[in-house]
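Asks: What follows is the residue order along each chain.
There are 2 protein chains.
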Amino acid sequence: MDKILRIDVGAEGAPRATVVPVGEYAGLGGRALTSAIVSKEVPPLCHPLGAENKLVIAPGLLSGTASAMSGRISVGGKSPLTGGIKEANSGGQPSQVLARLGYSAIVLEGKPNSSDLYKIFINKDGVKISVDNSLKMLPNYDLIAKMKAEYGDKVSCISIGPVGEMKMASATVAFTDMEQRPTRHAGRGGLGAVMGSKNIKVIVLDDTGMPMRPPKDPEKFKDANKRFVDGLKNHPVTGQGLPAYGTNVLTNILNEVGGYPTYNFKQGRFDGASKISGETQAETEKTRGANPTHGCHRGCVIQCSGTYNDKDGHFLTKQPEYETVWAHGGNCGISDLDKIAMMDFLDDTYGIDTIEMGATIAVAMEAGLAKFGDADAAIQMIHEVGKGTHLGRILGSGAAVTGKAFGIERVPVVKGQAMPAYDPRAVQGIGVTYATSPMGADHTAGYAVTANVLKVGGDVNALKPEGQIELSRNLQIATAAIDSTGMCLFIAFAVLDQPDTFQALLDMLNAFYGLNLTGDGVTELGKKVLSMERDFNARAGFTPQHDRLPDYFKTERFAPHNVTFGVKDEDLDKVFNW
Amino acid sequence: MDKILRIDVGAEGAPRATVVPVGEYAGLGGRALTSAIVSKEVPPLCHPLGAENKLVIAPGLLSGTASAMSGRISVGGKSPLTGGIKEANSGGQPSQVLARLGYSAIVLEGKPNSSDLYKIFINKDGVKISVDNSLKMLPNYDLIAKMKAEYGDKVSCISIGPVGEMKMASATVAFTDMEQRPTRHAGRGGLGAVMGSKNIKVIVLDDTGMPMRPPKDPEKFKDANKRFVDGLKNHPVTGQGLPAYGTNVLTNILNEVGGYPTYNFKQGRFDGASKISGETQAETEKTRGANPTHGCHRGCVIQCSGTYNDKDGHFLTKQPEYETVWAHGGNCGISDLDKIAMMDFLDDTYGIDTIEMGATIAVAMEAGLAKFGDADAAIQMIHEVGKGTHLGRILGSGAAVTGKAFGIERVPVVKGQAMPAYDPRAVQGIGVTYATSPMGADHTAGYAVTANVLKVGGDVNALKPEGQIELSRNLQIATAAIDSTGMCLFIAFAVLDQPDTFQALLDMLNAFYGLNLTGDGVTELGKKVLSMERDFNARAGFTPQHDRLPDYFKTERFAPHNVTFGVKDEDLDKVFNW
Chain R
2 MDKILRIDVG AEGAPRATVV PVGEYAGLGG RALTSAIVSK EVPPLCHPLG AENKLVIAPG
62 LLSGTASAMS GRISVGGKSP LTGGIKEANS GGQPSQVLAR LGYSAIVLEG KPNSSDLYKI
122 FINKDGVKIS VDNSLKMLPN YDLIAKMKAE YGDKVSCISI GPVGEMKMAS ATVAFTDMEQ
182 RPTRHAGRGG LGAVMGSKNI KVIVLDDTGM PMRPPKDPEK FKDANKRFVD GLKNHPVTGQ
242 GLPAYGTNVL TNILNEVGGY PTYNFKQGRF DGASKISGET QAETEKTRGA NPTHGCHRGC
302 VIQCSGTYND KDGHFLTKQP EYETVWAHGG NCGISDLDKI AMMDFLDDTY GIDTIEMGAT
362 IAVAMEAGLA KFGDADAAIQ MIHEVGKGTH LGRILGSGAA VTGKAFGIER VPVVKGQAMP
422 AYDPRAVQGI GVTYATSPMG ADHTAGYAVT ANVLKVGGDV NALKPEGQIE LSRNLQIATA
482 AIDSTGMCLF IAFAVLDQPD TFQALLDMLN AFYGLNLTGD GVTELGKKVL SMERDFNARA
542 GFTPQHDRLP DYFKTERFAP HNVTFGVKDE DLDKVFNW
Chain D
2 MDKILRIDVG AEGAPRATVV PVGEYAGLGG RALTSAIVSK EVPPLCHPLG AENKLVIAPG
62 LLSGTASAMS GRISVGGKSP LTGGIKEANS GGQPSQVLAR LGYSAIVLEG KPNSSDLYKI
122 FINKDGVKIS VDNSLKMLPN YDLIAKMKAE YGDKVSCISI GPVGEMKMAS ATVAFTDMEQ
182 RPTRHAGRGG LGAVMGSKNI KVIVLDDTGM PMRPPKDPEK FKDANKRFVD GLKNHPVTGQ
242 GLPAYGTNVL TNILNEVGGY PTYNFKQGRF DGASKISGET QAETEKTRGA NPTHGCHRGC
302 VIQCSGTYND KDGHFLTKQP EYETVWAHGG NCGISDLDKI AMMDFLDDTY GIDTIEMGAT
362 IAVAMEAGLA KFGDADAAIQ MIHEVGKGTH LGRILGSGAA VTGKAFGIER VPVVKGQAMP
422 AYDPRAVQGI GVTYATSPMG ADHTAGYAVT ANVLKVGGDV NALKPEGQIE LSRNLQIATA
482 AIDSTGMCLF IAFAVLDQPD TFQALLDMLN AFYGLNLTGD GVTELGKKVL SMERDFNARA
542 GFTPQHDRLP DYFKTERFAP HNVTFGVKDE DLDKVFNW
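Chains as they are written, first to last, in the numbering used here: chain R, 2 to 579; chain D, 2 to 579.
Chain R with its partners taken away, still in its complex shape:
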């Protein structure tokens, strides 16, 4: 992990790969590294699809090691959706593989000279870039089948579907899982369109012959990792809830507290919730011979992932995540798990962010394009995006553009990005994160659902503004740091509640790198990352006025608690005062 692979797609003749030392970016991983490179090298006012934007793909500091949970990967660039800096985070195999191959990051830069589409193959012997126009407009599943046939069943892939090629602002960058399925996605912010603008369809990674990355102090590392894993197993969320039901365990919980945005954020409870809950989903999976407890990458011990089979017992898609089930489910008034799973598959194979897509369908339903609850119409809308029809071009550009095109006022976005599965009125801490995160509305940027709803890492009344600023601030700082380690964010449940588990994480980092990192050091790293990101956004023209929820969240009361978003503007402006 001491080198960066830079690929200039605009080089004369054909894209050219150059491997350079990590240099000034040494010591940074994941989000810290993507945001550092973007912040330093990308002009904030450039066009997101132009020559000056870069796509940065970076494993975390502990990726490629024996550490549990270290398989997350960060993708960064200027977002076509928000116009600001973006880090989108994914699971899957490529993080571990890229790290073992020794790369801190891959940077795609420049602008192609032709319409040729390229694939990139990276193994221990180096980098090979080749034209392959036969891949044009292939959905991710078909593409990966082709790569498997060509490169064998040991490789892992980073790819875009047709929606990325068409440069739509909801396009994802897909990452294959342990079964070589393109099920994990850096979804938010349309970074797939940036990859599409570089004419790179797929990066195939083969770490055959590359050893696991060795720690400086193997004994201490092993011991810390053991304590870390024990901590995860002992916490009820990471040891029981997530393994048994996956992230969709949240449907019943959010619905119960009245914070489940239903019918395009109209109300906080959904009649059909029990039909699409994690409990129902896991039961359905088991009955059909699928697997509800499964990891998305080597070294995962939480196992919140899974597989979902159709009625005949054939693989349909990976176990849809809570936010996906919500986006295509309750938010659209849909309570048919099979239809939702089909939408999850379509999003994955076309390469569309499930959250943006579901939020957009709900806005389209509010505009009268279909009735809430019409699952077949929703499925058809995703096909329109995947095929790039005119309607698809609208929907694939996200909820904000869809609202603009159809003249709709109730569009739940911040900085142009759709809100996820937690209403900011009934979970006010997450509202603070939506409003202020440099990423746009993003639950993962500071998951205040912890103290607001789950009562993990504290207890802050979800319906009131008091305490939410501090909560969101601390979580945004911690998240920015965790996103830099390559660790799955779900470790936060145990790390927030159990000081020993947090210490084990620090010990692991220290043993691996020979450092003396303390809790304060982690906080400093998180602040540094956020400051870089906010600085980029300021230079891109973002102001405190952009750190706001849409007006209607402050005036439209939300059932069942009859509540509006109560955090004052001047308090929102204090989130980053540290």
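Calculated from the structure, these hints are not laboratory results. Computed from a predicted structure; not experimentally measured. Incorrect hints may have been included.
Note: identical chains are not told apart, hence a pair may lie in one copy or across any two.
What the hints assert, rightly or not - Straight-line alpha carbon distances no greater than 30 Å define the calculated DSSO-like cross-link-like pairs of lysine-lysine that follow:
1) 155 x 227
2) 555 x 41
3) 234 x 149
4) 287 x 276
5) 112 x 465
6) 112 x 555
Given chain R's structure and the hints, the job is docking chain D onto it.
Replies: Here is chain D on its own, set in the frame of chain R:
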């Protein structure tokens, strides 16, 4: 003109009209009044189509008087296209009529409680608001025919076409001309969508029985008006060029200097220019029995307007303006005047901004939706907008959204609004105006083509950055003041070159109101208006970063002069330092 008509469209039961004294807004007219009301009463972060936005329609200070050229009207609100404050300006009859009826402004406010569509009738006896759902989705020409049948051939109308009803961001507010045709439009910034969001289809005005507004000093006023008219007649632009050929006299001029944006701003000269020039247009009109020299409102002495007949000698549309001929002509590679005239008619009747529409078609052509030069495809695109098909929803949302939907980088917009008919690289002064005007890219906001190209009001080299900041600053100040008087902006040619004509204008204002306004007072008014507008935009989240041209104007060289936009960012930030 001592009262304001406020219509609360969200009042219980049905929209309610209230007439209030002009109060704190006394002494303001036109743009000064619309911007003062919007700046004071509209929350800058509100949704442009929501309850809190207002549509303000205001005649100028001299409208409704015997003054020549005083028939312009301002429409203001928060723009659905730019998200900033907007004043769009139009000719036509309603300014004079509304002023004679004694209204300083009409303000539409609130949010409708139903989907009923309303018409408003105003005469000397008061205001009548009635539901008329038979008007739904009527194009402007059909609507006005219906209003004529209902209210007689003396009324004038302010209306929206179907595109305004569909709340698209390119929708205009239409104003009838002296022949009761809906040919004059407050086009820029999508204010027709704001009128549509208030469910007001048409405002019918009848000034029967209302006298001309009397000056305080009739003799002085009459004398000043005479000197003013003489000045206009004596200047070559207002006395000869504009009357003979209309605004389209500019095609040959801009093409000759290499500043005519062709093929979506790819080059500065168009092969087909002579086929669509003002000279050719006037000749065609004369041959077909139409009239190339005609005023758009009572009291016009420049007569730059006209009518355009089809091959069989039947009225097709008003004489298309230069910017319209450019937008649908050279910018799309189209050189067929009849097809361009048809597009002008379609834009007028559907209620679409011709500049935004033409710029959008060119972006769509760059995206491959049609070939440059394909006039039938361009016409079809306008029909798509008028009918609100999915493609129409994209195109009707303007060039910026169209670029985003189709993943196109070369989109010539500032603050989301399309650039008009002057390339900012070959006419760098207009580039400064595009970049910095609070209105978004707008030639009328500070028409530096004067000193850059026409050598009126000074001589500043169009291809170099030197002197452009001062030029644009002075013109933006003067324009903001002129737009407040109700005067047609074309008086500026004579006023800038002839101190006597400027003095005559001051004398006219002073004689009418009993004031002692000097040139400095006019400058102060202009600065005051711009400051209000910029303050609104700052509160809406606009920053210096928004006062920039798209990146490619700084890097892509423009033929024939092989020039890029050379004004530095830090100089752009000095435009409003006075």
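Asks: Report the numbers of all earlier hints that the structure fails to satisfy, in ascending order.
Replies: 3
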